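Q: Chain A is fixed; fit chain B onto it per the hints.
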Amino acid sequence: DTAVSQTPKYLVTQMGNDKSIKCEQNLGHDTMYWYKQDSKKFLKIMFSYNNKELIINETVPNRFSPKSPDKAHLNLHINSLELGDSAVYFCASSGSFTGYTFGSGTRLTVV
Amino acid sequence: GESVGLHLPTLSVQEGDNSIINCAYSNSASDYFIWYKQESGKGPQFIIDIRSNMDKRQGQRVTVLLNKTVKHLSLQIAATQPGDSAVYFCAERDKAAGNKLTFGGGTRVLVKP
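Protein chains in written order, with the numbering used here: chain A, 1125 to 1235; chain B, 12 to 124.
The shape of chain A in the complex, shown without the other chains (with noise of 0.2 Å):
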C-alpha cells in the first residue's frame, strides 16, 4: 500500500490551460502539504492543511487552489497554467507524534 500517492505522475499541458493534481494518504495523519521542487531541487511550500482546514498558505499565485475535502485527501487546482509552474509538486502528510511522509511526485510540464 502506497502510503502517500499523487496523481497523476506526469502531466504535459499548454500554457492557460486548467488542471488538477490529487493527493490521498492511508497514514491517517491529519495535516497534509503541498510542495514546489524548481528546476534547481529547492523544495519550498506552498499550502499545508490540518483536519481539512487550511494553515499554511505561503505566497503563492492565487491561480493555485488547494481543497480538502476529508482529511486524508488534499488536492491541487491551477488555473490559467504558465510556463514558470513547470516543475514538480510533492505532496505530503504527517502526523501529531509521526514525521512527514512524501509521495513521489507530480512532474508539471507547461508548454
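Keep in mind that the hints were calculated from the coordinates and are not lab data.
Just so we're clear, the structure is a prediction, and the values are computed from it rather than from any experiment.
Every residue, glycine too, gets a C-beta built ideally from N, C-alpha and C.
Each hint can be trusted.
Think about it this way: if two alpha-carbon atoms lie no more than 35 Å apart in a straight line, the pair counts; the simulated DSBU-like pairs of lysine-lysine are: (1) A:Lys1143 <-> A:Lys1165; (2) A:Lys1133 <-> B:Lys111; (3) B:Lys82 <-> A:Lys1176; (4) B:Lys67 <-> B:Lys53; (5) A:Lys1160 <-> A:Lys1133; (6) B:Lys111 <-> A:Lys1164.
Rough simulated footprint, nothing fancy, chain B against chain A, three-plus residues with beta-carbon under 8 Å: (7) 1161-1170; (8) 1173-1186; (9) 1218-1228.
Residues of chain B clear of chain A, computed beta-carbon distances all greater than 10 Å: (10) Ser23; (11) Lys79; (12) Val81.
A: The following block gives chain B in isolation, referenced to the frame of chain A:
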C-alpha cells in the same frame, strides 16, 4: 535531457569511505530537524531526525549532529555505498508556524566505485 540539480553542491566520495553532509539552518525557533534522501524520480525519503533538546542521534550507518549555538546540522554516513548516491536535504520544523517544514538547498552525493 534534464539539467536538474547541476547547480547543487556535490560531494564525491569513494565507496566504503564515510560521508559528511553539512547544513546551516536559519530559525532559532525550530524544534525538530529531519534529513531526507531523494533519489532520481522519487519523493524525499526520511533518513533520520533529531529534536532540538538533543545534540546527537544515531541510526543504522547514519548519525545526525545538531549544534544549536551555530545553527548547524550534519549527517554522517558510514561506509558509503553506491545506493547512497542521491540528493540529501536537511529540513527544520517550526511548530509555531503550523508545523511548517523548511528545506535546505540540498547536497548531491556521488559514490565512486
